[in-house]
Amino acid sequence: MSDKASGGLSEQRIILEIRHLSKTFSTDTGGEVVALSDMDLTAREGEFICILGPSGCGKTTLLRIIGGLEKATSGEVQLEGQVIDGPSPYMAMIFQEYSLYPWRTVIDNVAFGLEVRGIPRNDRYRIARQYLALIGLTGFEESRTYELSGGMRQRVAVARALAIEPRVLLMDEPFGALDAQTRNRMQFELLHIWEKTRKTVIFVTHSVDEAVFLADRIVVLTRRPGRIKEIVEVSETRPRERTAQAFIAIRRHVLDLISEESTPPSKV
Amino acid sequence: MGGMRRPIAIILPLLILIGWEVAAIVINNEFFLPKLESVITVILHPTADVFGSGSLIEHAGFSIERVVLGFIIGAVIAVPLGVGMGRSHRFEEFFDTTIQIFRPIPPIAWLPLSLAWFKIGITSILFIIFIGAFFPILLNTIDAVKGVKRTWIEVAATLGTNERQLLSKVILPGAAPTIWTGLRVGFGIAWMTVVAAEMLPGTSHGLGYMILYSYNFGQIQYIIAGMIVIGIIGIGFDFLFKEIENKRFSWRSLER
Ligand SMILES: Nc1ncnc2c1ncn2[C@@H]1O[C@H](COP(=O)(O)OP(=O)(O)OP(=O)(O)O)[C@@H](O)[C@H]1O
Ligand SMILES: [Mg+2]
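So the sequences go chain by chain: A and B.
The opening residue of the first sequence carries number 1 in my numbering; numbering runs sequentially from there.
The opening residue of the second sequence carries number 1 in my numbering; numbering runs sequentially from there.
With the rest of the complex left out, here is chain B:
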């Protein structure tokens, strides 16, 4: 974080911006490479309508709503399943083969099937966001639960915990930092997935849709502005996850 403020870290971004602006002036074609200020104007007017499709902020709102919903569904299923698989060998064996088969299929590859099953609309998008978030959360949760120190569990056993208390007072808190990492990674992938999914048939809202829609109008400044907003939102959520991690799970890095 602190490294961002060091002068050397901002040299390249500055050069890229300058290079962009110079190239835009030289090329002088807004349909190929818009000037920096055109893009900034779009970002500074987030409530302005984008060719009748809705405003930038509305599109962002749709995307965020979808990613949050799909992510929550993914987490609600992946975390308990991962805890079960991390705790019980039989449980893990039962699910593992299936998971290994489905895991390598990219979320976007599910879209046509999802459209066929759920038709055009929010459900089919939620389904593939769910797929995107599910696997990183699941795999991290399994690792997290398996990584809970045996001594912690045995101490609890000698102090008289029952199964439920063991789960709530030892396994979950002990696994929480790594589960949280899984949630962070899962959210990142869900975000990429939602933007990609919105570019495919079946959507009429969202940042992904907006940048593809702008392409049809040749409005490059909207495409770039949309990309920047996508990046900023992604960084923002990641930052939020990291802040919570630093506050709540600092013991993991401080423990010697």
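Excised from the complex, chain A in its bound form:
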């Protein structure tokens, strides 16, 4: 966990800043669920951050607040100094569940964000084709989304998000539903795209292995209410070798952090 690769990164400017963020849901039965508690985090331009934590600890909630889909109870999120209070054109979100529009062809899905910005058909198709090429789905322009495999659909969702040229890409367990092989390939392709486009990525995952493979920094959250337990820097050069000593060492460390969170604490 040396600092040699991230040395350059820490000189990048801060793009996203999360300050004292808390979220409390009130349930139908009148109870309250504290999903996030006093969270602070900053992301630098071009950084790949993975958010890791036990189920129900508030990862999706965090991502939805950053994306402007949910209001924080207290605290705030700033994108380049601007407080977020609704979806921002500089951020795009990729959801875990199937989110493509089945009544649209693949290319019309990818071009959706451009279409609502009023970009003429020819231009938006040209741009959409570039992103289809980037995700390796050239030739599927006119396919229907239900004809695609799960992995292909998530790639289309990635292309759709990238097509609006966001600064920040928010991804909520995008590969969670895929089999191990497809998942590994998608991680590889995502890194490839990330290296080409240099977006800031906030990537939520359950998988320690995925986080260590992808992230510059892994933000490990505690059990609900989610707080930051530890931020683990991963400075190994990419593509990372899963069987390398350093990879295994980081993985072990993160696994230890996670398992501390999965043993139930004594009831207070």
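In silico lysine to any residue, SDA-like type, Cα no more than 20 Å apart, as pairs:
1. B/169 with A/143
2. B/169 with A/118
3. B/146 with B/251
4. B/146 with A/102
5. B/35 with B/45
6. B/149 with A/102
7. B/247 with A/142
8. B/149 with A/97
9. B/149 with B/166
10. B/247 with A/146
11. B/149 with A/177
12. B/169 with A/105
13. A/71 with A/41
14. B/169 with B/83
15. B/247 with A/105
16. B/149 with A/104
17. A/71 with A/42
18. B/149 with A/69
19. A/196 with A/126
20. B/169 with A/102
21. A/71 with B/162
22. B/169 with A/108
23. B/146 with A/98
24. A/71 with B/154
25. B/149 with A/96
26. B/169 with A/142
27. B/169 with A/101
28. B/247 with A/147
29. B/146 with B/97
30. B/149 with A/150
31. B/149 with A/98
32. B/169 with A/104
These are computed hints drawn from the structure, not numbers from a lab.
We have chain A; now place chain B with the ligands onto it with these hints.
This is chain B with the ligands only, laid out in the frame that chain A set:
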């Protein structure tokens, strides 16, 4: 659809036809049960005048015109209202009680009131066809709009849609298949309503009128022929709706 062609599916209809013909021959009374061929003759001569009331095809034309008009009025009001109620909780609360009160009243029960208000003529019939089509379209539209996946809406929001684009590019296309189902059901009910309404006071045309008129003359073959035509037209429209559904909204059944 394909099941219709399987031999087992046509056994019972054939038996009924044979039973009918045998019974008609045995009874030998055209004023009670006409022979199959008498009915077929009526259907095969759709332009022949029915005792001075007009031809079968004219009557069918009147009924179809009425149902289409009443249905369109119903759809034009029910779909936007349903979209509004599906989108806005306050809007729904405002209308819901009223709708629950009126919904259980059968369309035909509106006829006397309709006659009192609109007098004898097309308006009073259109009014009750409208009532018949309105509720199934409205209720399906509300369901359809509420059933649009939240993720679809949120994706659109993160990609920068405004309210109008959200409606036209996400809500309406996403809800369209279920709205279409509502239109199909609504049309079916409108068709039943128009035939029933034409049998009540105040009409002088239409298939409903024709079969009641034929009853007054004891012309059973015209009654049965009229019933068959009513059924065929109903099936025809339903088939049309289904064909369009299969072509345009196939994604609903294909989506996994
Ligand atoms: N709209 C809501 N109303 C009430 N409670 C909610 C709501 N959304 C989330 N919660 C609660 O907040 C907590 C955090 O949920 P969240 O979905 O953020 O967890 P997560 O870390 O993404 O979990 P997972 O890994 O299983 O996806 C959970 O206890 C959840 O039940
Ligand atoms: Mg989640």
